[in-house]
Every structure is written in C-alpha cells, then in structure tokens.
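Once you've looked at the hints, dock chain B against the given chain A.
Number of protein chains: 2
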Amino acid sequence: MTRSMRFSDPHIEMAHGAGGKASRRLIEGLLAPILFDKPSEPLGDAALLLLNGTALAITTDSFVVKPLSFPGGSIGELAVNGTVNDLAVSAARAEALVVTYVLEAGLATAILEAETRALARAAKCAGVVIAGGDTKVVEYGKADQMYVTTCGIGRPIDGVVISPSSVCPGDKIILSGPIGDHGITILLARGELDLEADLRSDTRPVLPLVEALARASGPGIRWMRDPTRGGVATALNELARDCGLGIHLNEEAIPVRDAVRGACELLGLDPLHIANEGQFLAVMAPESADAGLEALRRAPGGSEARMIGEVRERPQGTVLVGTRYGGSRVVDMLVGDPLPRIC
Amino acid sequence: MTRSMRFSDPHIEMAHGAGGKASRRLIEGLLAPILFDKPSEPLGDAALLLLNGTALAITTDSFVVKPLSFPGGSIGELAVNGTVNDLAVSAARAEALVVTYVLEAGLATAILEAETRALARAAKCAGVVIAGGDTKVVEYGKADQMYVTTCGIGRPIDGVVISPSSVCPGDKIILSGPIGDHGITILLARGELDLEADLRSDTRPVLPLVEALARASGPGIRWMRDPTRGGVATALNELARDCGLGIHLNEEAIPVRDAVRGACELLGLDPLHIANEGQFLAVMAPESADAGLEALRRAPGGSEARMIGEVRERPQGTVLVGTRYGGSRVVDMLVGDPLPRIC
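Residue numbers (the numbering used here), protein chains in the order written: chain A, 2 to 344; chain B, 2 to 344.
Since the hints were derived computationally from the structure, they do not count as laboratory data.
Misleading hints may appear alongside valid ones.
Chain copies aren't distinguished; within one or between two, either way the pair holds.
[Said to hold, decoys possible] Pairs of lysine to aspartate or glutamate residues, derived as EDC-like cross-links and limited to a Cα-Cα distance of at most 20 Å, are as follows: (1) 22 with 114; (2) 125 with 195; (3) 67 with 259; (4) 125 with 96; (5) 125 with 212; (6) 67 with 197; (7) 67 with 105; (8) 22 with 140; (9) 22 with 105; (10) 22 with 333; (11) 143 with 288; (12) 67 with 140; (13) 143 with 193; (14) 67 with 145; (15) 22 with 193; (16) 143 with 105; (17) 143 with 253; (18) 22 with 243; (19) 143 with 14; (20) 125 with 38.
Here chain A stands alone, though its shape is the one from the complex (with noise of 0.2 Å):
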C-alpha cells in the first residue's frame, strides 16, 4: 500500500468509481485513513471479524449496473452473487445477506419485482439467506431506476488461509474461466454500439469453485480474488504491489471468448481489463497448484479453469504478461472509465 498517497482531484469523477487506478487513489489517499484504525493492511474483499470469540467475514457493495437486465442477469443477481462472491474469495461461505433498494420515483413496479425475485432466486441458488433490508425512494431524476446494495456475513471456510503476504516467487496463478464476458455483454446491451454478438454476463456464485479448490488444496491456497471491476489486471496489479512481487502472465494460457476479443480489438480494449462476475483468480503453492486446478475443472462450471501464469521475484511490484510471438508487456492497472456502471 502507497501510504504517502494523497487524493487531490477536486470533484468525484465516473473514473473514481471504475476500480482502477483511480478508485485506488480515492480510497486510499482519502477515504480509508479517515476510516480505517488500521492503513497497515492491504484492502481485501471482505473483513475478517471476531464476534464474541466466533469469527466471521463481511463484505458490502453497491450496484448501480446499467442496463439492469442484460443477457445473463440483472441488478438484483448481481448484488447477490458480487457479495457472495466477494465473501468466497475471502474464504468464507455466505450465510446471510441484507438488502437495501434507492428507487427512483416513477420506477415500475413491474421491474422493482422482477428484481426482487431475481435477488431471492440468486439467494437460494448461493444457499444464502435474505435476513432483512431497507427501502428508500428518492424524486424522479434522483436515481437511474433503482440502486442496490448488499451486505453479507459469511462464515470462514476451515483450512484456508488467504494474505498476499504469503505470496512466494514460484506460486502459480489459477484462473476459474474465460474473461471479459460480464463487461462486454453490458456494454452491448446499451446498445450504444452497432455491436452484436452471442454473449451473455458470467455472473454466478463462485463458492461451489471456491470450495472444490478449497477440499483438494486449502493450505495452499495463499490468496484469491474476484476480477471484477478493472479486470484481471487491475486485481494482479494490486497483488503484485501488496506482495512486493512480479506477475508474470501467459497470454496463450488466458481464456478469451472469440466474440469477447473481437469486441475488444474493436473497441481498443484490452480483455484483462474487462470485468467479470462469475470468475475468480488464486495463487497456489506450487505443489498444490495442479491438484488445486484438477479439482477445480471436475467441479461443475469449473471445466474452463486455467493455470495463466506464476509469481517471480521481479520485476517487483509488476504484471508482465507474455505474449504468443515470445515478448513480453507489462501490463498496468484500469485507468479511466471505459466501461461505467457495469456492476
């Protein structure tokens, strides 16, 4: 963590928002030394509590994704399955979630209830309970429809225990699946593009996956995260930075769907930086890392899974991502806001 980081923009931008570079600065040059007792560790998905002696995680997001309906999923799935996935890759299988809807004046009642039925399906399928929630409606132009956000408890998965900090040069990186497909199947639904293409969001529960890996390796998993927001590289960069360690990736090994690539050359994106809500990243101990990734392609949804890349000394602090033709690039966090809203 850059501790000597200082937020100075003047004015909140879609960019502080994006989970990139941005969002960085903002949380960690403003707004978590004004929270947080303890700037010593690195920000995880979900915190790590003791409750009267029992420990437990908990995690919160907004959703604020436009479209709220898209090939896939909606708002009301995704708020579900980010915090049950937020929680997974924190080692910790999600016991209860809390709800809170913004609405804007005039919404249709037809989609407030088409979302909450969506949020309670998610729930069950992640076999996580809805303990309570809280409405507020604000005027007409006040909100974009509806804004979600959810809070979840969950509690810690015996055996597993995450830190960058116990990332080590030679540990191998895990990939749960293809990449890309949440951000760019939101971003055509705008339809601001004269794009099509057969694609739909990832977005599921990725504890079934999570704990397959967890049964066969758990010790040695040393860390996991959910590339959401900023993508893949944006969630190594961190790693990369929070261990002190260098990144390196096989392109070849990374799995992009053609129609997610196409979009992508198109559009002067780079699939690494594209969000995903159905995916995750671990870092095994390298003597775990191949039964971790056998376990992980038997279980269901997990037949994707790929080992992309390793941990080395150096370049410290870095991504490299080499590439099919034998160089190599480093690869940096999201900067910007290329695609707003996509969760």
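Using the frame of chain A, we list chain B on its own:
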C-alpha cells in the same frame, strides 16, 4: 401482520419510502413475501442470526437525506447513528459497520471528505469499528450528491429479550425525549418555507440510554423501537397491530419542543408523525417501568425521558391519544409523505 395485503400500485412513489402506510404496503405486500422465508414474524429493526452457534444481530439502511448537512448533523452521522440505533432497539450493541457510497459525478471532494469525517467521528462516538466499504460513481444527474448505505452487526445485550408478542395489557410506554426535532430541522434546512427556528436534529446513538435501561430493568423490557420515518405514531401503530392490543397515549406527557409544535401547527402536521433520529420507545412490564424510567432519566442525555402511555386490551390494534381537554383521538400511521428524504 396483514397477510392478505397485496401491493398493486403500478409505480413507485415518494410515499413508498416514507416509512408509513405506503411503505408497509410495499414491504409486506410485495417485497417481504418474495425475499423472506418466514413471513410469520413481524419485521423488526434488525434480524437475529446464529452464526456458528454465536448469536448476532444485523441491520442495514440506506440514507438519502436532503440536504446532506443540517443543524445538529449530516448524512455521515445519520448513517452511523441510524444503524447503531436499529441495533440498540433490537437489544444489540453495534460492533462493526460497513459502508457504501453512491456518488454523483461532479460531487465536490470537500463534501465527500467532510461526510467521511463525520462518519468516522460518529462511529468513534458510538464505539463501533468501520470494517469495510465500497464506492460507486454514477453520472451527473443520476444521484443527488451522495447516498450512503450502512450495515451493522452487533452482539445481543444479555438479559433483554424483546418481541411484540410479549407485550401485555398494563405495560407502560416510555419515550426517551422530545419528538420531532429531526424531521422539522430537515424541513427548515431546505429553506423552502419562510420559517426559522432554533432547532437541531436529535441525531445521536441511543445505545447508552438503552444500556442504562437494560441495566436497571433488562427483563422488564418487552419491546423497543426508534421512531424514525413515520414518527412515534407509526412505530406504535405497528406495535398495536403486531400485538393486537390498544396503545393509549397521554398527549400532555409527550415532550415536544415549542419550535416543533409551532412548525407543526403552521404546516398542519402532527408531531407524532415527525421523524426522530435520537429517541427510542420502550414498552416495559408495569413492575419495571418506574425503575427503568428513573435509570433513563439519570443517564446522560436521558433527563427528558417520560412515561407517555400504557397498553390496554382495547381498542385492538389501535393507538389512541388522550388530549389535554379530556377527549381522545385515534392516531393512524403516517399516510403520504409530507417530509420526503428526511434520512
């Protein structure tokens, strides 16, 4: 709970977020049946859960107050105190909060910083740790500066078990202090009325008062609620309905500041419908009521607590107010939304 309630309004309106009758119809007629498995339990301010054998309470609220700051407080404080108080009146001590922001692009960083500091200060004052958060940004015109959502988890206060079903005829009703300060302060702070008054929001954590009451007469506490949106009248109507008894209030005993009474008379509002952010109601077993009130009045910030009424067999499900002239009137839940976005 009216099981047969059915929500058939085609669109969402401001009143659906006001905490009164329309909110109840939306929640009980549409949202709760879809989201919750156990519609047989009245909806409280927080949910009680067992996690790995440990009891905990969880609650969440979104805050959309307008304006963001006002005499006596601001959205940052409100977001902490509101959640701490929902836990307190559920007989739980807040231990950790998580917070999310939905920010409007163009928001001045100075406002975000001021509200984040207010949030941190309020958390410190309430003795609760901020454990994590999330930030989203939406386009200019898609939010009103900033919305804040907090979720809190707490540890149950030993020896206090509350439920509307334990409320009995003869029980006494205690109110912690003067009502209406918050709602009228917000109304005046908007500057749309040509009214001025020396009034401040009552936003504060009520936990110290709840703890004082619990220490003095924990087992005598049957029910608690913080009368926020919809005010004392709505909170007690919900209780009357949930316990099937009659609530009799003594109008002269209910503390209302002159400025609040004056503004309500001018505007045709009933102070019993105005929101509070630093008060709570407690129903006490008759033999515990005097000792509880005494303890409350001795606690810092509790000197204006009063016994305001009692529970009787009849009229079932109804709140009656005995006026200073000897008559009595039925006080219903809040209908409509005379004061939008007060929290």
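Original post:
Are there hints from earlier that the structure breaks, and if so, what are their numbers?
Top reply: The structure conflicts with hints 2, 3, 11, 15, 17, although it agrees with all the remaining ones.
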